[in-house]
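So the sequences go chain by chain: E and Y. With the first letter of the first sequence counted as 1, position 1 gets the number 1 in the numbering used here; the numbers rise by one all the way through. Counting the second sequence from 1 gives a position; the numbering used here is that position plus 1000.
Note that these hints are calculated values from the structure, not bench results. If you're wondering where the values come from, they're calculated on a predicted model, not measured in any experiment. Among the clues, some could well be false.
To be verified - For the chain E half of the interface with chain Y, some residues (derived, Cβ under 8 Å), not all of them:
1. G11
2. D12
3. L19
4. N21
5. W22
6. G24
7. A27
8. R33
9. R35
10. V40
11. C41
12. V42
What the hints assert, rightly or not - Sample of chain Y residues at the chain E side, in silico, Cβ under 10 Å:
13. Q1025
14. V1040
15. I1094
C-beta: ideal position from N, C-alpha, C; glycine also.
What follows is each chain in one-letter form.
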Amino acid sequence: MSALDRPLELGDVLPDVPLENWEGETARLSSLRGRALLVVCVRYYG
Amino acid sequence: MRESYRAIQMHGAHVVAVGTGSVAQARRLVETGTPFPCLVDSQLRLYRLLGLGRVGVGTLLDPATYANYWRGWRHGARQGQVTGDPRQLSGVAILDAGGRLRWRHASRTVGDYPALADVLAALGGIVGSP
C-alpha cells in the first residue's frame, strides 16, 4: 500500500483518484469541488 | 438511493455512486434513469482511501450479513451479474466543498448502509439545513 492509498482521517483532503465514468472516460471527484459531495461506494453494480 | 436523491439535493450536495465493476453496468444504470453519476473504481483506490473493509470469515459468520440479504430480498433486490471485486465492502462518505473527508460510514458487513436520516443529519451538520 502506497502512502497515497493509506486510509484518510476525518479532515484529510481526498487525493485526486482517477475513476472511470459510464462512458469509460476518466472522471475525477475533484471536478465536483465547490459543493459538498456524497459518495456512495457500493460492493458492485449488479 | 434514487428515492433519497431529492432529499440530498435539497442540501445542495452532489451525489455519485462508485462501484468496482464494469463500465457497462455503470452505463446501464445511468441509461435506466439513475439521476446521479455512476463511476467505476476498478483499482479500488478510493475504497482503500476511505478505509472500507473486505469480506472475510467474520462477514460470513455475522448474522447481520444474512439479515441484510433477507431485507434486500424482501424489498425486491435481486443479485445480477457480479463484476469487479465481490470481496469489497461498501461505504458512504461525505466530502465538504473543499474535498475534505468530513463523515464516513464503513460497512461492517454486506448490505450495511447507513440510514438516510443519519446521512442527512451528517450532511446538514456540514452544509447547514436546507
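Are there hints from earlier that the structure breaks, and if so, what are their numbers?
none
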